[in-house]
Amino acid sequence: MDYIFDNERPIYIQLVEMLRIEIVSGKMKQGERLPSVRELALIARVNPNTMQKALVELEEEGLVYTERTNGKFVTTNSELINNIKKELAQEKIKKFLNDMENIGITCDEAIVYLQKLGGDINGITRM
Amino acid sequence: MLGKLVKYDLKWVYKALIVFYTLSFIFSGIGRALSCIENSIVFSVTSSISFSIAISMMISSIINCIMRLWVRFYRNAYKDEAYLTHTLPVSKNKIFMSKVICAVITIFTTFVVILLCLFICFYSKSNIEILNTLLEIAASTYEITVIGLILLIFVVIFLEVLFVALIGYASIIIGNRSNSSKMLKAVISGIVLYLITQVATLLIIFVFGLFNKEIMNLINTTNIVNIDAIKSVMFLGIGIYMVYIIIYYVVGKKLFEKGVNVD
Amino acid sequence: MELLECKNLCKEFDHKEILKNINLKIPKGKIIGLLGKNGAGKTTLIKLINDLLTPTSGEILINGKNPGILSKEIISYLPERTYLDKDMNIKQVLVYFEEFYSNFNSNKAEKLLKDLNLDINTKISKMSKGMQEKLQLILVMSREAQLYILDEPLGGVDPATRDYILDTILSNFNEGASVVISTHLIADIERILDEVIFVDNGEIRLMSSADELRTKEKASIDEIFRRYFKC
Numbered sequence: 001m002d003y004i005f006d007n008e009r010p011i012y013i014q015l016v017e018m019l020r021i022e023i024v025s026g027k028m029k030q031g032e033r034l035p036s037v038r039e040l041a042l043i044a045r046v047n048p049n050t051m052q053k054a055l056v057e058l059e060e061e062g063l064v065y066t067e068r069t070n071g072k073f074v075t076t077n078s079e080l081i082n083n084i085k086k087e088l089a090q091e092k093i094k095k096f097l098n099d100m101e102n103i104g105i106t107c108d109e110a111i112v113y114l115q116k117l118g119g120d121i122n123g124i125t126r127m
Numbered sequence: 001m002l003g004k005l006v007k008y009d010l011k012w013v014y015k016a017l018i019v020f021y022t023l024s025f026i027f028s029g030i031g032r033a034l035s036c037i038e039n040s041i042v043f044s045v046t047s048s049i050s051f052s053i054a055i056s057m058m059i060s061s062i063i064n065c066i067m068r069l070w071v072r073f074y075r076n077a078y079k080d081e082a083y084l085t086h087t088l089p090v091s092k093n094k095i096f097m098s099k100v101i102c103a104v105i106t107i108f109t110t111f112v113v114i115l116l117c118l119f120i121c122f123y124s125k126s127n128i129e130i131l132n133t134l135l136e137i138a139a140s141t142y143e144i145t146v147i148g149l150i151l152l153i154f155v156v157i158f159l160e161v162l163f164v165a166l167i168g169y170a171s172i173i174i175g176n177r178s179n180s181s182k183m184l185k186a187v188i189s190g191i192v193l194y195l196i197t198q199v200a201t202l203l204i205i206f207v208f209g210l211f212n213k214e215i216m217n218l219i220n221t222t223n224i225v226n227i228d229a230i231k232s233v234m235f236l237g238i239g240i241y242m243v244y245i246i247i248y249y250v251v252g253k254k255l256f257e258k259g260v261n262v263d
Numbered sequence: 001m002e003l004l005e006c007k008n009l010c011k012e013f014d015h016k017e018i019l020k021n022i023n024l025k026i027p028k029g030k031i032i033g034l035l036g037k038n039g040a041g042k043t044t045l046i047k048l049i050n051d052l053l054t055p056t057s058g059e060i061l062i063n064g065k066n067p068g069i070l071s072k073e074i075i076s077y078l079p080e081r082t083y084l085d086k087d088m089n090i091k092q093v094l095v096y097f098e099e100f101y102s103n104f105n106s107n108k109a110e111k112l113l114k115d116l117n118l119d120i121n122t123k124i125s126k127m128s129k130g131m132q133e134k135l136q137l138i139l140v141m142s143r144e145a146q147l148y149i150l151d152e153p154l155g156g157v158d159p160a161t162r163d164y165i166l167d168t169i170l171s172n173f174n175e176g177a178s179v180v181i182s183t184h185l186i187a188d189i190e191r192i193l194d195e196v197i198f199v200d201n202g203e204i205r206l207m208s209s210a211d212e213l214r215t216k217e218k219a220s221i222d223e224i225f226r227r228y229f230k231c
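Residue numbers (our numbering), protein chains in the order written: chain A, 1 to 127; chain B, 1 to 263; chain C, 1 to 231.
Pulled out of the complex, with its shape left as it was, chain A reads as follows (with noise of 0.2 Å):
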């Protein structure tokens, strides 16, 4: 995965949200062993810190999990990823619609675009 930033938002809610994405979308599998901080930091290449306060934040949602000595793993709460997953899901529609709304579609025509040009998603994403 790429990491690349918005410099306007900060950097940790940011890893926040691609780590959470990583796991729910089972890149990260579940009970998966996390790459140490540093490593995570390189991969990502951010500050040992901000990778460590986005880590401290996953740890909080329960997504991630410290075993004292073996160090960070992915959680293996599929209830709570599923959770997770569906709460993304309704933030992304919501915002969706929002646009869909700002260029005057509707919610019922917004359903109705999506229905035509789901058999194409990936035509869409590369236009």
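Note that these hints are calculated values from the structure, not bench results. Being a predicted model, the structure only gives us computed values, none of them experimental. In this text, a Cβ means the ideal position worked out from N, Cα and C, and glycines have one as well. Be careful, since some hints might not be right.
To be verified - Beta-carbon label-pair distances, calculated as ranges:
{"#": "1", "chain 1": "B", "residue 1": "192", "chain 2": "C", "residue 2": "10", "range": "48 to 54 Å"}
{"#": "2", "chain 1": "B", "residue 1": "187", "chain 2": "C", "residue 2": "7", "range": "52 to 58 Å"}
{"#": "3", "chain 1": "A", "residue 1": "21", "chain 2": "C", "residue 2": "65", "range": "45 to 51 Å"}
{"#": "4", "chain 1": "B", "residue 1": "199", "chain 2": "C", "residue 2": "7", "range": "45 to 51 Å"}
{"#": "5", "chain 1": "B", "residue 1": "246", "chain 2": "C", "residue 2": "162", "range": "49 to 55 Å"}
Said to hold, decoys possible - DMTMM-like cross-link-like pairs, simulated, lysine to aspartate or glutamate; straight-line CA separation at most 20 Å:
{"#": "6", "chain 1": "A", "residue 1": "72", "chain 2": "C", "residue 2": "175"}
{"#": "7", "chain 1": "B", "residue 1": "92", "chain 2": "B", "residue 2": "81"}
{"#": "8", "chain 1": "B", "residue 1": "79", "chain 2": "C", "residue 2": "152"}
Stated by the list, open to error - In silico negatives: residues of chain C with every beta carbon more than 10 Å from chain B:
{"#": "9", "residue": "30"}
{"#": "10", "residue": "177"}
{"#": "11", "residue": "206"}
{"#": "12", "residue": "222"}
Let chain A serve as the given structure and place chains B and C on it in line with the hints.
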């Protein structure tokens, strides 16, 4: 740490000096070898040329030695390299002391090389005899041994050169304490320091003369110089140079320890 | 005790104030950006900390002590200049660092040099300025120091080199150590900073955690800096 500093300083100074040493030896050798071939004008001319080149190389090695000592100090302590020198975990005192030790060693070896080269150039039984008688005459008038006399001359010249090197160090330090045209100020303070010191020397000799008639005669009269007086002045000179060297070392060290002002 | 502290630090050159009453504390374990335009006084401050200049008044404390042998032992400093003896080759330079710095890790340096494909027998005078700067960065980052002070490490480099430099800094600084990076190229570097210090006209204008500042001003550090110092 001091040893390591001295090692790198010596390496740098000798790097070029060694070339002059080698050339001095080579031309002394060539000159000497050619001079042994008798009855040949060509050879004796080339031999003389070789000797003169050898001697100019010997002079160059002294000049080069002092110049390189100064350049090394200037670059190492005040130019780009200063950013490394002054961030080494070493005290400023040791950095300065290393430069002084390096000066003592390199100037000493330069003198030894010159003596050896002169020996190669001109050593012959007859020359040595001439030299011996000259020295013996001198030594007897000076009331010391021949070896003592040679040592005395050697020590005086050595101290003089070392003293000049230290004046250079002190001037570089003084020049670099200001914020602009540092090099110019260093050169000017060098000349001023040298002149002041020389005037001071005359004054000291004069003061000594107040208590020592022979020395006073040396200053007052245009009569034939009294050998005893010269001898006293020689010893006085050694003493004065030693004091100067210590003074310049201490002053340089104190100013250097106060901190550098690197561009 | 702070890793580095400046108390009422002033520096004048010929009665011209270059630094005015600097008060500054740098804690352990942070990456700090010393941000300011060219000529703001960043380099003067860094040179004072590294004992290349002496303060006109005020005090600098490193682990509670004035600059000296002890501070030089724990500070690894990358100046803007190329400071190596041009007559040496890389191998000799490594030996030199090993001899003088007890915390120099020559294995690390050799490994980093290998990544650059640099022949260890290359003479410094035969290297381009850019290469010399990379070599110096490697030397500085190979010391297991407590404080790294990097003066304009990104000045005039291409994007690929910039990434190389940032990666080298991030992957090599000693754990628990602090890194002070002075620069006027803020956008390139801001994402790795914990704290930022704005310096202008010889004064510290702002000190803040980078993320707090972003949250408060809803803008990038670069943007905030521009707002502060509109020319």
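- Agreement of residue 92 (chain B) and residue 81 (chain B) with the hint, judged by alpha carbon distance not exceeding 20 Å: holds (15 Å)
- Item | Outside-interface status for residue 177 (chain C) - nearest CB in chain B farther than 10 Å | holds (16 Å)
- Determine whether the Cβ-Cβ distance between residue 187 (chain B) and residue 7 (chain C) falls within the hinted range of 52 to 58 Å. Violated - the Cβ-Cβ distance for residue 187 (chain B) and residue 7 (chain C), about 38 Å, lies outside 52 to 58 Å.
- Could you see if the CB distance from residue 21 (chain A) to residue 65 (chain C) stays within 45 to 51 Å? At 48 Å between Cβs, range holds.
- Task: Examine each Cβ of chain B, and state whether all of them lie more than 10 Å from the Cβ of residue 206 (chain C).
- Result: holds (29 Å)
- Item | Restraint status (C-alpha distance of residue 72 (chain A) to residue 175 (chain C) at most 20 Å) | holds (18 Å)
- Is 48 to 54 Å right for how far apart the beta carbons of residue 192 (chain B) and residue 10 (chain C) are? violated (32 Å)
- Message: Is 49 to 55 Å respected by the C-beta to C-beta distance linking residue 246 (chain B) and residue 162 (chain C)?
- Response: With a Cβ separation near 54 Å, residue 246 (chain B) and residue 162 (chain C) satisfy 49 to 55 Å, so the hint holds.
- When you look at the beta carbon of residue 30 (chain C), is every beta carbon of chain B farther off than 10 Å? Given that every Cβ of chain B is farther than 10 Å from that of residue 30 (chain C), nearest at about 21 Å, it holds.
- Query: Does the structure keep residue 79 (chain B) and residue 152 (chain C) at a Cα separation of 20 Å or less?
  - Reply: Holds, at roughly 19 Å.
- Query: Is the Cβ of residue 222 (chain C) farther than 10 Å from every Cβ of chain B?
  - Reply: holds (29 Å)
- Item | Outcome of range test on Cβ distance (residue 199 (chain B), residue 7 (chain C); 45 to 51 Å) | Because 46 Å falls inside the window, the suggested range holds.
Hints 1, 2, counting from the list given before, are not met by this structure.
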